[in-house]
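Student: Read off the chains here:
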Amino acid sequence: MEWLSEFGAIAAMQGFNGLSVFCVLLLMALGLAIIFGQMGVINMAHGEFLTIGAYTTFVVSSLTEQYAPAFGPYYFFFAIVLSFLIAGAIGWLVEWAMISKLYQRPLDTLLATWGLSLVMQQTFRSIFGAREVSATLPEWLMGSWNPTETIDIPRNGLFVMGLTILLTAIIFLMLYRSRWGLQVRATMQNRVMSRAVGINTKRVDRMTFALGCGVAGVAGAAFTTIGSTGPTAGSLYIVDTFLVVVFGGAASLFGTIASAFSIAQAQSIMEFFMSGSMAKVLTLSAVILILMMRPQGLFSIKVRK
Amino acid sequence: MDAQPTRLLPRRLALGAAALSLLAASVFSQGAMADSVNTTGLAVTDTEVTVGQLHSATGTMAISETGSIQAERLAIEQINASGGILGRQIKVIQEDGASDWPTFAEKAKKLLVGDKVAAVFGCWTSASRKAVLPVFEKENGLLYYPTFYEGLEQSKNVIYTGQEATQQILAGLDWIAKEKGAKTFYLIGSDYIWPRTSMKIARKHIENVLGGKVVGEEYYPLGNTQFGSLINKVKLKKPDVVFTAVVGGSNVAFYKQMKAAGVTAAKQNVLTLSVTEDELLGIGGENMEGFYASMKYFQSLDNPNNAAFVEAFKAKYGKDAVIGDVTQAAYLGPWLWKAAVEKAGSFDVDKVAAASPGIELNSAPESYVKVHDNHHLWSKTRIGQVQKDGQFKVVYESGLIEPNPFPKGYQ
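As you go down the protein sequences, you meet chains A and B in turn.
Residues 1 to 305 (our numbering) are what the first sequence spells out, left to right.
Residues 1001 to 1411 (our numbering) are what the second sequence spells out, left to right.
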């Protein structure tokens, strides 16, 4: 009987792990789903916008520790909001200075944003040093929650999960239920026509890019609870991020969610039964196979050809 | 009348010639002085000797290599302040390997062929060392390499100031088997040569010497950030010890997620090969509290050499600076080179390399090291326990261990 309850505990934790990986993938891909999915901009510097969020959290954490230790348990919420604002503001600047000049040239955008990512990495290194840093997490985010004796549910996993659900809901409402969302989708489908009916497409572009970067900042802040904060931390996420968005089908939020879910479950289950490297190989192979059969990704917008 | 000037002229000439020859003699004798310590055309003058520093100051590896750059600089400054080597001040040419192995090889060639440096302090990853090794052997350079590494290498052109795998691993496993009665081990590493070689050695030792059992052996791709499934597997197998060699950003993710999954020192013994004070900065001491690391050096080592070293390091790089195992090993490089040059009485690479075995350093922060015939160092291995403040408490110290880069029965 004992092994059965233990088996149950492991199964429960493993199930939670799958969901947790799903939320992490979705959270990191949300920003890119907006930028790449809606705007078609291949933003290679997406990982560095995550890093901006992570460093913002670190700075807020250090300042809190130094000047307002009593604020310690709550600083994280403030750090998330600030990460959104800072990453969004920098995204706004980048769009204004660089991306807006390159809309008709996707390959140049790829190169330019890749260059930007290198510049940003070196900037982080110059400001914060080459070594990794670590934000002090509030107690309530650390350790595990035990519903029973043998089950440990990571609290940071729960937190990331909650944040992901909240953020996805907000983005869904903004894109599909607001006037602004309508303008974004109109601009992406037919820029000239949108302009003709009086949409300020330049402004829409800038806001969309800034929003995507801001969301990346939030993800970066959340990832300080589960990952590293260093000048090149963003590059750890960029491949998975593109994978999720491309596999899901650009221009579809549902696609991104479905893709994050299937990749996460495949990865999580296979990792349990074989080695980590092998699981990765099989996951990627499956993704490649499916993309060969369905180049537009899992979901795509139906358009009249 | 006629005779006088004709007699005078030769005399003047003779005087001039004498003066000239005196001048020439002094020039040549000085030249001979520089020549006698440098017969192979290295960048050595009467007042200066040039060395190279070759690490990644940019790119992903800058995280790790910064400490080594700082430590080597400090050692060189201290040597210069105390009068230099053979009366010559050390001048440093620093090159950036930029975390890119071909760049390392190219810069190594530049330092050896273009700058004619007398020695190079550099490299960090095995990949960068493997990239520069043919260059050093062809151009007959001398490299001081600071990182603990997988062994299986020996070159007359390299002095390895970090531990090779058996030194670091065997003492650690012996200690935890004895101290914690450990019988079952779960081996976890990043997926590249150093963790794989280290775990191979560990498995042989556990199975053949300790009579224990390896219940799991797993490698994750470099840069992997999700360890949930792995941690569940560890929970299922319930090993006495989790033995790890995870590196880079993965390292941080791994320990944060271990802590979040409730795997703490109270429930699980963890012994690691890849966490120094440097890594703890990124991981956070609170996430690893109570876990053990097997290293030859910890910043908290209690001896006068180390106290002076830590003080000098902090005076130069700030009070929050931390010193990890590799940083200390990098600090040994210039001092070992100085001792070998002085013993050889020459900067010639062949003579310095030949003089190196047997060199002892009583002033090492790790207390004492001696260069072995195989160009690795005799050193002690310590077990440190992670404290909340990001430092280690030394709980065990081995005797002096002989370096054995080609261990029989472990390959």
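Think of the hints as simulated: they come from the structure by calculation, not from any bench.
Check each hint, because a few of them may be wrong.
Claimed, not checked - Restricting the straight-line Cα-Cα distance to at most 20 Å, the calculated cross-link-like pairs of lysine to aspartate or glutamate (EDC-like) are: (1) K1233(B) to E65(A); (2) K280(A) to E1397(B); (3) K1237(B) to E149(A); (4) K1238(B) to E6(A); (5) K1267(B) to E149(A); (6) K1178(B) to E1150(B); (7) K1267(B) to E65(A); (8) K1237(B) to E6(A); (9) K1238(B) to E65(A); (10) K1393(B) to E1342(B); (11) K1388(B) to E139(A); (12) K1319(B) to E65(A); (13) K1233(B) to E6(A); (14) K280(A) to D1320(B); (15) K1408(B) to E1397(B); (16) K1388(B) to E149(A).
Student: Evaluate each hint against the coordinates.
Tutor: Hints versus structure:
no. : hint                 : verdict
1   : K1233(B) to E65(A)   : 36 Å, violated
2   : K280(A) to E1397(B)  : 40 Å, violated
3   : K1237(B) to E149(A)  : 17 Å, holds
4   : K1238(B) to E6(A)    : 12 Å, holds
5   : K1267(B) to E149(A)  : 13 Å, holds
6   : K1178(B) to E1150(B) : 24 Å, violated
7   : K1267(B) to E65(A)   : 30 Å, violated
8   : K1237(B) to E6(A)    : 11 Å, holds
9   : K1238(B) to E65(A)   : 37 Å, violated
10  : K1393(B) to E1342(B) : 37 Å, violated
11  : K1388(B) to E139(A)  : 14 Å, holds
12  : K1319(B) to E65(A)   : 18 Å, holds
13  : K1233(B) to E6(A)    : 12 Å, holds
14  : K280(A) to D1320(B)  : 39 Å, violated
15  : K1408(B) to E1397(B) : 24 Å, violated
16  : K1388(B) to E149(A)  : 26 Å, violated
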